[in-house]
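Undergrad: Chains as they are written, first to last, in our numbering: chain A, 1088 to 1202; chain B, 27 to 275.
Relax, there's no trap hidden among the hints.
Subject to a maximum C-alpha distance of 25 angstroms in a straight line, what follows is the list of computed BS3-like cross-link-like pairs (lysine-lysine): (1) A:LYS1158 <-> B:LYS192; (2) B:LYS262 <-> B:LYS97; (3) A:LYS1155 <-> A:LYS1196; (4) A:LYS1182 <-> A:LYS1158; (5) A:LYS1155 <-> A:LYS1182; (6) A:LYS1155 <-> B:LYS194; (7) A:LYS1155 <-> B:LYS195; (8) A:LYS1144 <-> A:LYS1196; (9) B:LYS192 <-> A:LYS1182; (10) B:LYS266 <-> B:LYS100; (11) B:LYS194 <-> A:LYS1158; (12) B:LYS195 <-> A:LYS1158; (13) A:LYS1196 <-> A:LYS1158; (14) A:LYS1182 <-> B:LYS194; (15) A:LYS1103 <-> A:LYS1139; (16) A:LYS1196 <-> A:LYS1139; (17) B:LYS195 <-> A:LYS1182.
These are calculated hints, taken from the structure and not from any lab test.
Single-letter residue listing:
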Amino acid sequence: MHEVSIIQSILRTLEKEFQPEQIRRIVQIDLEVGVFSNVEPVLLENAFEAVKSVTGKMTDARLHIDVKPIKIYCDACRETSLIDNYTFVCHACRKPCTNVIQGTELLIKRVHFSE
Amino acid sequence: MQNAEMGMTEKSTRAARGTIICDNTTMALLKANDYVAEAIRREMDRRGVLLINLTSSPGSGKTTLLQETGKRLKDVLRIKVLVGDLETERDAERLREAGIQAWQIVTGGICHLEGQMIMQALENISLDDTDVLIIENVGNLVCPASFDLGEDYRVTLLASTEGDDKPKKYPRMFFTSDLMLISKSDLLPHLPFSVDRAIQDARDINPEIECMTVSALTGEGVDAWCQWLIDRFAQKRRSKKPEKSYDVE
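Just need the whole structure built from these sequences, with the hints factored in.
TA: Next comes the structure, spelled out in structure tokens:
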């Protein structure tokens, strides 16, 4: 949800970090989006296109979205489990576990510039 | 007057005292909210104020429950409420009529409360004489789930009229909640809602989540909910960190 605000946030974050000349040379933005972040990758892509066409910024850039599944780490048996149905139970020992180690990310991982 | 004859109270849209106007709160960084939430949390810890984030769908009974809570606890806990809505001051007015000090955050179009809004609101109210600050969030089970407001506890209402299969449909909200209050319990005899099923659904996502049933209308469970608040407040006061003193006397 709020994909347009998130794209605007990404734009502002990059504009804080880089000079306008560098911004024009951005060709790819790598994002890590966790499944539990409530952000839908397809909607992010659409929002990116919309924001680009409205602002005229980063028109050569594309998004690369790495979707991170939800993973929990069980302290009792030291196993990591992949959770795909929102039932937070360790797959190895069946103990309930809410220690989420992956899946809530919403980050800019890397920015690629043209020469 | 026609409205009075129909037994309806006139809906108020006048601007009442206690309005907090919030500036544009879009985040500059994706993690900005968490930093703000931590600042709020530190301040609440310093003051020993219990901060509750109360969430639910629209119409689950948050304001009504807070009215009852305020009435029962008026000589026990000093409670203040910040209530968020897209438009109107209705909830803050209802709470004030019940004797609770309340301030309305009008978000304009934003469907949830964020840390920055709470931070701005706190600049306008005094917490010196406060035991518990309850934030009544915008009625929405989706977006508020992602925004830490610096709370000690997140309490989510699920009304008996909403269906017992909702927790898994809104996993992040129930995952991040500490207590699920099944509200409007007086209607349970008339509904196919299974309290056991709803609790199991919530516990699949969040094994630690506490569950209670309440009816603000009949009073069922309200004392237990009030006791829950009293106990959590006592815990908070006991764990209040001593103030660091930088003054050289």
